[in-house]
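J.: Spelled out from the first residue to the last, the chains are:
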Amino acid sequence: MIPGSFSYHRPASVADAVKLLSDLGEDARPLAGGHSLVPMMKLRLASPAHLIDLHGIAGLKGIRRDGNKLVIGAMTTQHDLLASEEVAKSVPILHEAALLIADPQVRYRGTIGGNVANGDPGNDMPALMMTLGASYRLEGSGGTRDVAAADFYQGAYFTALEPGEILTSVAVPVPAAGHGYAYEKLKRKVGDYATAAAAVVLTMSGGKVATCAIGLTNVHETPLLATDAAKAVIGTSLDAATLAKAAAAAEAIMAPAADARGPVEYRKHVGGIMVTRALQRAAANAK
Amino acid sequence: MAKTHVTMKVNGAEVEGLVEPRTLLVHFIRENLGMTGTHIGCETTHCGACTVDIDGMSVKSCTMFAVQAQGSDIITVEGMANADGTLSALQEGFRMMHGLQCGFCTPGMIMRAHRLLKENASPSEEEIRMGISGNICRCTGYQNIVKAIQYAAAKINGVEFREAAE
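So the protein lines, in turn, are chains A and B.
Numbering-wise, the numbering used here puts 22 at position 22 of the first sequence, and it's gapless, one number per residue.
Numbering-wise, the numbering used here puts 139 at position 139 of the second sequence, and it's gapless, one number per residue.
These are computed hints drawn from the structure, not numbers from a lab.
Hints may be right or wrong, so weigh each one.
DSSO-like mimics (lysine-lysine), calculated; alpha carbons at most 27 Å apart, straight line [claimed, not checked]:
1) B:Lys-3 <-> A:Lys-42
2) B:Lys-155 <-> A:Lys-61
3) A:Lys-245 <-> A:Lys-187
4) A:Lys-231 <-> A:Lys-245
5) B:Lys-9 <-> A:Lys-61
6) B:Lys-118 <-> B:Lys-155
7) B:Lys-118 <-> A:Lys-189
8) A:Lys-89 <-> B:Lys-118
9) B:Lys-3 <-> A:Lys-19
What the simulated footprint calls covered on chain B by chain A, stretch by stretch (three residues with Cβ under 8 Å from a Cβ of chain A suffice, anywhere in the stretch; the number is not a length) [what the hints assert, rightly or not]:
10) 40-50
11) 82-89
12) 97-103
13) 154-160
Note that CB positions come from ideal geometry on N, CA and C, so glycine has one too.
The following block holds chain A by itself, in its conformation from the complex:
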């Protein structure tokens, strides 16, 4: 399987990449890790006339602390996230989730920017970014803007990115000290997309949930924030009745596609179970 012909461009700066993208128009695609795009090109499901390889732009890589935020360059790989002490210390759920993405070879190449910008409902990072209240920096010929992860996803592979724009970094607010977290992902085998997955970030106070955010992966055409489910657990000690209520509230907003991972009812059911497990584990590891 060999992709169709294309012209290859390797700009050295974001400005050059943006200029190429706007000059070349819809026939051009940015190339990050390539582990979604290249297989699509080999299957001829994508056939861009121009690839704009972002690997030559040094400024797009790296993880830095900026006040109470972690700013992650778009070309930072999952492997870089796993190797980062700062990530492990301040946003450990990112480490946990990165470890569940694909396999080691893919994690060496796969980037955070590609993962969140592609708009694939199966990707793990988007729901996590919504849960964490992250925002994405988008740069285009018209300038720079920041879009909340929660406002970015509009449909499967359809995002707030305008033609000619590139996602250059992700800003993640560092959760409160002592927060509990968990990313529970059911998958058929190592390397697979989620049958259903749930991210939970919460804080506990006096044995009760004080704050909580819940995100859902691959149970809808976009990642979801399970707002009602999160509201249902606040002020509780996560007793069985509350967990059941939260799972039901999360299931109510799920609309997964039936696919090789299972029929709709099954995927919703296990989605609810992922929410329950993530809540319990997050509460248990909160300090």
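Put chain B on the given structure of chain A with help from the hints.
T.: Chain B in isolation, oriented as in the chain A frame:
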């Protein structure tokens, strides 16, 4: 489509070639360089048979374009033997522990295990299994492959290899 001149280092030697932008790295290695140890398996980034080592990373060479490897330092399975031509610890491990059945996945397994042991010289069995989770063996299973990597780790670390009780 105009061809591009690429240069890179493969197994310590400078190589060059003319490629179309769409030429996958695995095809460049096999067809332009004639090194057929790197295998093409699933072609969809799942099986790991095409794994090579690029600038200190294990990479599936079926999912990267040769033009992207411009200037890279690449190791393929042909570069795994010791300088004197004897088998490296990993190759010896796969031979001694019979870490293969048909052998098609073996070059990718060896290249992945090479980087795994560079990053973690004494991996646990679980770390080995997770470490090779991007490499699929369709013949049989992973028991002897894991043993082969444990054998190599022991040899590299200068300790005696002991097989775990079955």
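J.: Each of the hints needs a verdict: does it hold here or not?
T.: Each hint tested on the structure:
For the hint pairing Lys-3 of chain B with Lys-42 of chain A, the CA-to-CA distance comes to about 19 Å; that is within 27 Å, so the pair holds. At most 27 Å may separate the alpha-carbon atoms for a hinted pair to count; Lys-155 of chain B and Lys-61 of chain A exceed this at roughly 37 Å. At most 27 Å may separate the alpha-carbon atoms for a hinted pair to count; Lys-245 of chain A and Lys-187 of chain A meet this at roughly 24 Å. The straight-line distance between the Cα atoms of Lys-231 of chain A and Lys-245 of chain A is roughly 10 Å, inside the 27 Å bound, and the hint therefore holds.
For the suggested pair Lys-9 of chain B and Lys-61 of chain A, the alpha carbons sit about 24 Å apart, so the restraint of at most 27 Å is met. Pair hint Lys-118 of chain B plus Lys-155 of chain B holds up; C-alpha atoms about 13 Å apart against a cutoff of 27 Å. This hinted pair checks out: Lys-118 of chain B and Lys-189 of chain A have alpha carbons roughly 26 Å apart, not beyond 27 Å. For the given pair, Lys-89 of chain A sits about 25 Å from Lys-118 of chain B by alpha-carbon distance, which is consistent with the 27 Å threshold.
With a C-alpha separation of about 24 Å, the suggested pair Lys-3 of chain B and Lys-19 of chain A falls inside the 27 Å cut-off, and the hint holds. By the rule of at least three residues with a Cβ nearer than 8 Å to a Cβ of chain A, the coverage given for the segment 40-50 of chain B holds, with 5 such residues. Restraint check on the segment 82-89 of chain B versus chain A: 0 residues with Cβ-Cβ distances below 8 Å, three needed, restraint violated. Counting residues of the segment 97-103 of chain B whose beta carbon lies closer than 8 Å to any beta carbon of chain A gives 0, which falls short of the minimum of three for the stated coverage.
Beta-carbon proximity to chain A at under 8 Å applies to 0 residues in the segment 154-160 of chain B; the threshold of 3 is not reached and the given coverage is violated.
Violated hints for the displayed structure, listed by number in ascending order: 2, 11, 12, 13.
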